[in-house]
Amino acid sequence: MSNFSVGFRSGSSVEVLDLNGELDAHTASELEAAIQKCRDEQKHRIVINGANLQYISSAGLGVFMAYIEELRDSGGDIKIAALQPKVFNVFDLLGFPMLFDIVDTEKEAIEKFGVTQADD
Amino acid sequence: MPVHTYLQNVERLGSLVTRSRFGRVVLLLMAVASFVIGFVYHTLAMQRGAESPVLFEVTQNISVLLGFFALWLLFAKRFNSRQSSPARIFWTVLVFGILFILAASLTTSIFRGDDPELIDIFQAESEFNNGIPRVLTTIIRSSLLSIIGVFFSLYALFRIRELVLFKRTKTSQRNWNFLMAAMAVFSLTFFMKSPQDESLNVLQSIALLPAVGLMVINSLRASWIVYFNFKQKLISISLSLVVLFCLLISLGMTSLPAPSPYLSDMFVYMRFYNYVLYMFILLTVCFGILYCTASLLLLLFHLPTTGDFQRREHERAVMHALTDLVNQAFDSEKLYSKIASSPVEAGSAVSAWLAVADVQSGSLRPNLVASYNIDSGYVDRVVDSTALYDEASSVGSSVLIGDALTDHRLDVRAGDGFGSLLAVPLITRDEVLGVLFVTKDVTHGFEQDDIDSIQIYAAQAAIAMDNARLFEEQLEKERLTRELDIAREVQRKLLPQSLPSLHGVTLAASNVSAERVGGDYYDFLQLDEDRLSIIIGDVSGKGASAAFYMAEMQGIFQSTSRLAPRPIEFLKHANAALSGSLEKNVFISVIYGLLDLKKEEFIIGRAGHCPAATINLNGEAKYLRPSGIGLGLDRGALFDKALQEERISLQPGDVFVLYTDGIIESRNSEGEEYGYERLLNALQSYRYEDATGIHEALLNDLNSFLGQEIYDDDMTLVVIKWHGIHLSTPSPKSQKSVTLSVPVEPTS
Chain A
1 MSNFSVGFRS
11 GSSVEVLDLN
21 GELDAHTASE
31 LEAAIQKCRD
41 EQKHRIVING
51 ANLQYISSAG
61 LGVFMAYIEE
71 LRDSGGDIKI
81 AALQPKVFNV
91 FDLLGFPMLF
101 DIVDTEKEAI
111 EKFGVTQADD
Chain B
1 MPVHTYLQNV
11 ERLGSLVTRS
21 RFGRVVLLLM
31 AVASFVIGFV
41 YHTLAMQRGA
51 ESPVLFEVTQ
61 NISVLLGFFA
71 LWLLFAKRFN
81 SRQSSPARIF
91 WTVLVFGILF
101 ILAASLTTSI
111 FRGDDPELID
121 IFQAESEFNN
131 GIPRVLTTII
141 RSSLLSIIGV
151 FFSLYALFRI
161 RELVLFKRTK
171 TSQRNWNFLM
181 AAMAVFSLTF
191 FMKSPQDESL
201 NVLQSIALLP
211 AVGLMVINSL
221 RASWIVYFNF
231 KQKLISISLS
241 LVVLFCLLIS
251 LGMTSLPAPS
261 PYLSDMFVYM
271 RFYNYVLYMF
281 ILLTVCFGIL
291 YCTASLLLLL
301 FHLPTTGDFQ
311 RREHERAVMH
321 ALTDLVNQAF
331 DSEKLYSKIA
341 SSPVEAGSAV
351 SAWLAVADVQ
361 SGSLRPNLVA
371 SYNIDSGYVD
381 RVVDSTALYD
391 EASSVGSSVL
401 IGDALTDHRL
411 DVRAGDGFGS
421 LLAVPLITRD
431 EVLGVLFVTK
441 DVTHGFEQDD
451 IDSIQIYAAQ
461 AAIAMDNARL
471 FEEQLEKERL
481 TRELDIAREV
491 QRKLLPQSLP
501 SLHGVTLAAS
511 NVSAERVGGD
521 YYDFLQLDED
531 RLSIIIGDVS
541 GKGASAAFYM
551 AEMQGIFQST
561 SRLAPRPIEF
571 LKHANAALSG
581 SLEKNVFISV
591 IYGLLDLKKE
601 EFIIGRAGHC
611 PAATINLNGE
621 AKYLRPSGIG
631 LGLDRGALFD
641 KALQEERISL
651 QPGDVFVLYT
661 DGIIESRNSE
671 GEEYGYERLL
681 NALQSYRYED
691 ATGIHEALLN
701 DLNSFLGQEI
711 YDDDMTLVVI
721 KWHGIHLSTP
731 SPKSQKSVTL
741 SVPVEPTS
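In the order they appear, the protein sequences are chains A and B. No gaps in the numbering here: position 120 of the first sequence is 120 in the numbering used here, and each next residue is one more. No gaps in the numbering here: position 425 of the second sequence is 425 in the numbering used here, and each next residue is one more.
Careful, some of the hints might be misleading.
Claimed, not checked - Simulated coverage check for chain A against chain B, where a stretch passes if three residues somewhere in it have a Cβ under 8 Å from a Cβ of chain B: (1) 43 to 50; (2) 88 to 98.
Said to hold, decoys possible - Computed list of lysine-lysine pairs in DSS-like fashion (alpha-carbon distance at most 25 Å, straight line): (3) K86/A to K107/A; (4) K86/A to K622/B; (5) K584/B to K599/B; (6) K43/A to K107/A; (7) K641/B to K112/A; (8) K112/A to K86/A; (9) K334/B to K477/B; (10) K107/A to K37/A; (11) K37/A to K584/B; (12) K584/B to K43/A.
Worth flagging that the hints you see were computed from the coordinates, not collected in a lab. Built from N, CA and C at the ideal position, the CB exists for glycine as well.
Sequences are here, hints too, so could you generate the full structure?
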């Protein structure tokens, strides 16, 4: 019944998660598992590609909140890219752009990590 | 096989006759009659001293055969339905063999007299003259021996049949029937043959071949032997040896002094009694000896492997017994430890542990949930369980590490008592529930049959785990249902039971929960005659925890709003208060508004919530969206920094609509969202109504868009209208509270 899935793509230093379908209270645990996996594998730099994300509910947004602190403490981050306008609006209403880097393309998101890397 | 079908039909016919008591009595009478006829026939021949007329001879021969056939049917009835253990059968056949030898020897040797000359006459051959008995004792002796022979051979045949057909197959059954037929055919070729002629003619030689061949084939069927334990095998071997020894002595074939050297005479007596019968008995005895010898040899060969076989049987039995137990255990913890301990207790492994993927916590790392005879901390240190787990579950079959010391996934040292490892996935309904790890202290300790038996065990364990999981899920579901009922009751009480009344203002509000417990909240608080604070909120997530946070929000609203009525102040306080108690992944989006009728203004602050819709009398509609982050998303300065408020000077006819995302995101059957546009348009059309009318119209518009009243999210709608004139007495109709709490079955 779940119409949500997460795809993994490992870059050189960044893990890209492709979200597909609808992320709601029922499917949030899948994203949770995916981010936990990245964390357990010491991949703290995560780019969320939302190009195929059709819908997100507040429970789905909660997943990002659950891990962001920990990831940032270990030098990583979650950057969100390529959201569809309607989905972006949900992020935007809640003020997520103030809490996360939300950019138009995956490339930009990865580059953002590059910048922080240079800053380090 | 027409021959075979024919044989089966004979068998069926026989069982038909013996089914009734009457049939059995008739058969018994037939047997007795044939015996009497035989006796009379031989007596007459002796008195006559010459060969009987052919007609007499034919009659006697047929009657003897009919009598034998009758006895055969009776034996078949007696033994076909019996179920005995192979050991019992084999032993009784051997004991009966000994008894047969004793009885036969006794019958041939008794009444022989002591006169050495007489002894010579009383040798069997010389007692007959041209096949005619000379004295009455000869007749008695030959009749008795024939009866003993018939009984023994029938008994032996039917008992050996059970052994041969132990774990029967179609082929073994057919081979046995063929043997019986071949023996009968061969015996019948001796019909009417003179007992003095011992040689075989061509036809008989040909008929003998299939009989011998089938005897050899059938005597090799002794699969019952492997199920014997060591003691049973020893007893069987000793008994067989005794029987063979007795046989040899009785036949005078050893140098030992024979207690009775006359056993070979027995067959002569039988031959003169009736050649066909004699041949059948002879064949049976030969087959019995052959079977006994073959079994003896097989027993001897299997003797050394008995221990291994018994151990394997024991393992299997223990595994089986434990699986039964496992099927009844519904407590996961107990079940896990049982699954881990069973292989070790059965002796299939030295230590074992069980890892399951913890889906609930969202982690993809397997959890070590039970271990037996090994420390789980040690396992975590030396075994890369994750890698092995992933391999076993992706391949869907066992992963074997023959030499633990050389494998990169194991970090063990010699002397750790860790030689080889086997990882078996527990799979049911195409789903990997866990992986069972078993180890042995020697390298290459798992043979293929060990692996097979553990895999079978794993399959059963998987079913048990699946059962336990379903059971727990059911329990959890029931527990949750009860919990949600309580939460729903709490939530219902948290929502305002009545609406406040202010001069010049009409209010309407409603709430519908998609599930038992929603995360939506709205409330009003009348601060004084002219001031009203309003809140609408949406707790992320659903269920009991959402209801709990909602209760907290309500507490904060009711207390803080009085002290800090301005939106910025209130929301900052609320964020600070909630930060300490909200889970990391939980946040609350709210709009807080302060309506001040004296100053004729409405100030709103938005913490991540959907923008408020507003419209004036002229039909200018817009969304109010001051900046602000959801409560609990940022617990420090950023929240405060982002927060702004919007102040609206009230004009008569101004309408404010507060709602939750359930309204905007509601989708019709085509998957189309209601959306922000439609809300404003509807508002435009009904802006002249009072709050209740607008509220009702908006809900109607939404429902007609959806086409059906099925909600997949919580929906809350609050409408506030400023009429501009102080209505002396607010009409009860316009103050109607539409607090609904209708649980609709979730559509997802």
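Consistency of the hints with the structure:
With 0 residues bearing a CB less than 8 Å from a CB of chain B, the segment 43 to 50 of chain A misses the requirement of three and the coverage assertion fails. Judged by the Cβ-Cβ criterion of 8 Å, the segment 88 to 98 of chain A is covered by chain B as claimed, because 6 of its residues qualify and three suffice. At most 25 Å may separate the alpha-carbon atoms for a hinted pair to count; K86/A and K107/A meet this at roughly 21 Å. Pair hint K86/A plus K622/B holds up; C-alpha atoms about 19 Å apart against a cutoff of 25 Å.
Annotation: proposed proximity of K584/B to K599/B is violated, straight-line Cα distance about 40 Å (limit 25 Å). As the CA atoms of K43/A and K107/A are separated by approximately 18 Å, the hinted pair is consistent with the 25 Å bound. Taking the CA atoms of K641/B and K112/A, the gap is near 24 Å; set against the 25 Å cutoff, the hint holds. For the hint pairing K112/A with K86/A, the CA-to-CA distance comes to about 24 Å; that is within 25 Å, so the pair holds.
As the CA atoms of K334/B and K477/B are separated by approximately 21 Å, the hinted pair is consistent with the 25 Å bound. At roughly 23 Å between alpha-carbon atoms, K107/A and K37/A fall within 25 Å of each other, so this suggested pair holds. Between K37/A and K584/B the alpha-carbon distance is near 18 Å, which keeps this suggested pair within the 25 Å criterion. As the CA atoms of K584/B and K43/A are separated by approximately 21 Å, the hinted pair is consistent with the 25 Å bound.
Of the hints listed earlier, those the structure fails to meet are numbers 1, 5, in rising order.
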